[in-house]
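Undergrad: What follows is the residue order along each chain.
Protein chains: 2
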Amino acid sequence: MTRQDKPPLPSKTEQETVTTKGHPSANGQCTTLTLTLGQTGQTDKSDQTNSNQGAVAPLALMLECGQSLSPVTIAYETYGTLNPQKSNAILVCHALTGDQYAASTHPVTGKSGWWEIMIGPGKPIDTDKYFVLCPNVIGGCMGSTGPSSINPKSEQPYSLDFPVITIGDMVKAQTHLIDHFGIDQLFCVIGGSMGGMQVLEWASKYSERVFSAIPIATAARHSSQNIAFHEVGRQAVMADPDWRGGRYAEQEKTPRKGLAVARMAAHITYLSDEALHQKFGRNLQERDHVTFGFDADFQVESYLRHQGFRFVDRFDANSYLYITRAMDYFDLFSENDGVLAGAFKNTQTRFCVVSFSSDWLFPTRDSRQIVHALTANAANVSFVEIETDRGHDAFLLDEPELLSAIDGFVKAGAKQKGLV
Amino acid sequence: MTRQDKPPLPSKTEQETVTTKGHPSANGQCTTLTLTLGQTGQTDKSDQTNSNQGAVAPLALMLECGQSLSPVTIAYETYGTLNPQKSNAILVCHALTGDQYAASTHPVTGKSGWWEIMIGPGKPIDTDKYFVLCPNVIGGCMGSTGPSSINPKSEQPYSLDFPVITIGDMVKAQTHLIDHFGIDQLFCVIGGSMGGMQVLEWASKYSERVFSAIPIATAARHSSQNIAFHEVGRQAVMADPDWRGGRYAEQEKTPRKGLAVARMAAHITYLSDEALHQKFGRNLQERDHVTFGFDADFQVESYLRHQGFRFVDRFDANSYLYITRAMDYFDLFSENDGVLAGAFKNTQTRFCVVSFSSDWLFPTRDSRQIVHALTANAANVSFVEIETDRGHDAFLLDEPELLSAIDGFVKAGAKQKGLV
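Chains as they are written, first to last, in the working numbering: chain A, 15 to 434; chain B, 15 to 434.
Everything labelled a hint here was simulated from the structure, so no lab data went into it. Because the structure is a prediction, the values reported are computed rather than measured. Ideal placement from N, C-alpha and C gives every residue a C-beta, glycine not left out. Careful: at least some of the hints might be erroneous.
Far from chain A by the CB rule (all over 10 Å, computed), these chain B residues [unchecked claim]: (1) 98; (2) 135; (3) 141; (4) 198; (5) 235; (6) 236; (7) 249; (8) 275; (9) 301; (10) 310; (11) 353; (12) 382; (13) 385; (14) 433.
No more than 35 Å apart at the CA atoms, straight line, and that leaves these computed lysine-lysine pairs for DSBU-like [said to hold, decoys possible]: (15) B/293 x A/219; (16) B/359 x A/293; (17) B/425 x B/167; (18) B/267 x A/293; (19) B/359 x B/219; (20) B/431 x B/359; (21) A/359 x A/293; (22) B/125 x B/143; (23) B/267 x B/125; (24) A/267 x B/267; (25) B/425 x B/137; (26) B/167 x B/219; (27) B/293 x A/359; (28) B/293 x B/125; (29) B/359 x B/425.
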């Protein structure tokens, strides 16, 4: 991965490192685009979040926790071409364990992008027509500044000295990426799960910069049950002695077992009871009878173990802590004195809210709350609940109704914006 | 705890150790009733499971895995008085992390029994009228033989040398307890969750010994999703280096963190999304604002941590592995070539099947499958789905509809059996 973690940077203004867009190179290293803002010790006090094209990027990112972060690198991928009017940009926001490789090969796993079904020539997010930007969130581990980045003060990885970031901070960082491209208004912001939280944050805080928004399988605040599952995952990571108070990198350790357990627990919540039943039932794993032992007798056990251990190879344990925490803190209700409608006051953004019938992590009622709040603002909003038994993960899968809903909504928006 | 783990025993016939029924003594030690069967190296080959009063107890328990277990101690509590006809006995089967202290003070926690709401004078399971027996399952850790018992061969705790036991084995052991009391037919067998699995096993395998059966919040086979959650729990325990391949006791360690994580994950499944929302919502724990850190900011986090660490004080990690495995293996469908009705052929037992509307661990459809299988046998069956938002744990709580359903069914059964 190309990172720009090491200050000092030569100029006080925007620092930019653009490497070849890309895919794994021969030595297995990843090249990706990065934008680096800021210099140590200098803080953005202006908070000109609605700044227009060409605005000078801040020297540091002032975070909701009150601390500032500098430098800030945002790693991102792009697809398609920005038109001369800079009016055809679609921002794709990734989920908890996602990254910028939405429609390109992942440099670590070698697998194709996590949303190739959605993004590409002739696909609902049509790269022949739109310029698609997908940044790695700050707090992440695929090139954007996160807990595994080097803390300029200590010249060691931040680890738990990294400030606790929020969905708001992630989005604020993204505004600078948009500024960097001189984009005044995004044609669309789209994402599922935590990506959907970012969409809602964009639509709430930077309404004028968002022509249309597609929050999928998400909520305006993280539920008690979801916080509970995240807490289990964090405790699993922290219980692993190889976590070492977060300082595992310096000691060349990784809390593999703890992170795998966290992923296993989380993975169950991404599916549905019905999906698991249909996929695995009580089928045995390459055996005719149970073995009366603790091996993975059942296919579902084998599958989960595989999911857990595969995840550890591509994800940083501290990033998992920070990003789950950001989701837990997300609450557009409390920010508006308990009234969600306040988050979307006088919005001109066009919305398409999508939920899945079997999603028990972000059930349809969470999406309905968003729709009600938008309706209270007389917003232009479509709502689609898709009947599927595939659970929360349906947003990543080949769900024909999802693809056609996004396709139709994007096309109608393009017409209204005069893009076609 | 009084245990009878150490062979050799003086006689080849039934061995019995009866200590004062009870509660914590002055020195904090628990006294409980125990029945010990068998002598090392001698195996029950007769399998006279429908044996009558006074039958000679087997010398060892032949398990489904093909191994035999000897000696076998069953720790149990009793309430009420067995009538001269020995016709008024109710067997109470406990859940995964339950024990024999259904209506008496727990010797470790000092808390009142887990089903005091149900069992006692004038209560639905009326100890003025019935003789109530509640055994600790084999595989457990409250006095019945389990992985923490001494292996007569090695004179060390069994640990993972303990054979993998099944719900069938647990129930088979219980038949010997019933024999010990000279009880030909139980008036009723009742239990929730894994207790309900034991009820179904009794009704299926020992139908003639069960006048009435009340399986609550349970299933005739463990679902894929439930196996998945159990696997996460087991992996959490095994990931803890203090588990030491199961041999933690000899090294005076306990996998506290791993077992706590397992319990936390499981605990979420015992509640409902709505119950968590109502109980905690996004309320903060003794603070006005989030702390931007990894402390338990939210009440639900604090609650879960507390549940996890409290559990570790009273439960054995290896028992957790074995008992979850027993539940995973439970499958009355596959035992009957996929047709559940085969499990209850020609049953004369009266059934009351109970489910809870918000239980997503053992949802109502699992109970309906049981009801359909019973109906296919023209069995006498009542089915009650109780509307509640308290999730799976509702069977342990003060649910008026549950109490009145059990009360009504037990009273009607007593009349039919001529007990009143």
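Undergrad: If a hint holds in the structure, say so; if it does not, say that too.
TA: Against the structure, the hints come out as follows:
Consistency note on residue 98 of chain B: stated as away from chain A, and its beta-carbon is indeed over 10 Å from all of that chain's, at 42 Å minimum. The non-interface label for residue 135 of chain B is consistent with chain A: the shortest C-beta to C-beta separation is roughly 38 Å, beyond 10 Å. Non-interface status of residue 141 of chain B relative to chain A is upheld: no Cβ of that chain comes within 10 Å, the nearest being about 37 Å off. For residue 198 of chain B, the shortest C-beta to C-beta distance to chain A comes to about 32 Å, beyond the 10 Å cut-off, and the non-interface label holds.
Non-interface call for residue 235 of chain B relative to chain A: violated, since the shortest CB-CB distance, roughly 7 Å, does not exceed 10 Å. Under the 10 Å C-beta cut-off, the non-interface status given to residue 236 of chain B relative to chain A is violated; the minimum distance is some 8 Å. With 10 Å as the threshold on Cβ separation, the claim that residue 249 of chain B sits away from chain A is violated: the shortest Cβ distance comes to roughly 5 Å. In this structure residue 275 of chain B is not separated from chain A by more than 10 Å, as the shortest Cβ-Cβ distance comes to only about 5 Å.
Remark: the non-interface label on residue 301 of chain B is consistent with the geometry, its nearest Cβ contact in chain A lying 13 Å away (cut-off 10 Å). Distance to chain A contradicts residue 310 of chain B as a non-interface residue, since its nearest Cβ pair spans about 8 Å, not more than 10 Å. Distance check on residue 353 of chain B: its Cβ is at least 15 Å (rounded) from any Cβ of chain A, clearing the 10 Å threshold; non-interface status holds. At roughly 15 Å from the closest C-beta of chain A, the C-beta of residue 382 of chain B stays outside 10 Å, upholding its exclusion from the interface.
For residue 385 of chain B, the non-interface assignment is confirmed: its Cβ lies about 19 Å from the closest Cβ of chain A, beyond the 10 Å cut-off. At roughly 40 Å, the least C-beta separation between residue 433 of chain B and chain A is larger than 10 Å, which holds for a residue marked as non-interface. For the hint linking residue 293 of chain B to residue 219 of chain A, the alpha-carbon distance of about 31 Å falls within 35 Å, and the restraint holds. For the proposed pair residue 359 of chain B and residue 293 of chain A, the alpha carbon gap of about 31 Å is at most 35 Å, so the pair holds.
At most 35 Å may separate the alpha-carbon atoms for a hinted pair to count; residue 425 of chain B and residue 167 of chain B exceed this at roughly 48 Å. A hinted pair counts as satisfied when its Cα atoms are at most 35 Å apart, and residue 267 of chain B with residue 293 of chain A does not qualify at roughly 39 Å. A C-alpha spacing of about 10 Å is found between residue 359 of chain B and residue 219 of chain B, which places the hinted pair at or below 35 Å, so the restraint holds. For the proposed pair residue 431 of chain B and residue 359 of chain B, the alpha carbon gap of about 22 Å is at most 35 Å, so the pair holds.
Restraint check for residue 359 of chain A and residue 293 of chain A: not satisfied, since their Cα atoms lie roughly 44 Å apart, outside the 35 Å limit. Restraint check for residue 125 of chain B and residue 143 of chain B: satisfied, since their Cα atoms lie roughly 25 Å apart, inside the 35 Å limit. At roughly 25 Å between alpha-carbon atoms, residue 267 of chain B and residue 125 of chain B fall within 35 Å of each other, so this suggested pair holds. Distance check on the hinted pair: residue 267 of chain A and residue 267 of chain B sit about 23 Å apart at the alpha-carbon level, within 35 Å; holds.
At most 35 Å may separate the alpha-carbon atoms for a hinted pair to count; residue 425 of chain B and residue 137 of chain B meet this at roughly 11 Å. A hinted pair counts as satisfied when its Cα atoms are at most 35 Å apart, and residue 167 of chain B with residue 219 of chain B qualifies at roughly 31 Å. Taking the CA atoms of residue 293 of chain B and residue 359 of chain A, the gap is near 31 Å; set against the 35 Å cutoff, the hint holds. For the given pair, residue 293 of chain B sits about 22 Å from residue 125 of chain B by alpha-carbon distance, which is consistent with the 35 Å threshold.
Only pairs whose Cα atoms come within 35 Å are accepted, and residue 359 of chain B paired with residue 425 of chain B is accepted, the gap being roughly 26 Å.
In this structure, the hints that do not hold are numbers 5, 6, 7, 8, 10, 17, 18, 21, in rising order.
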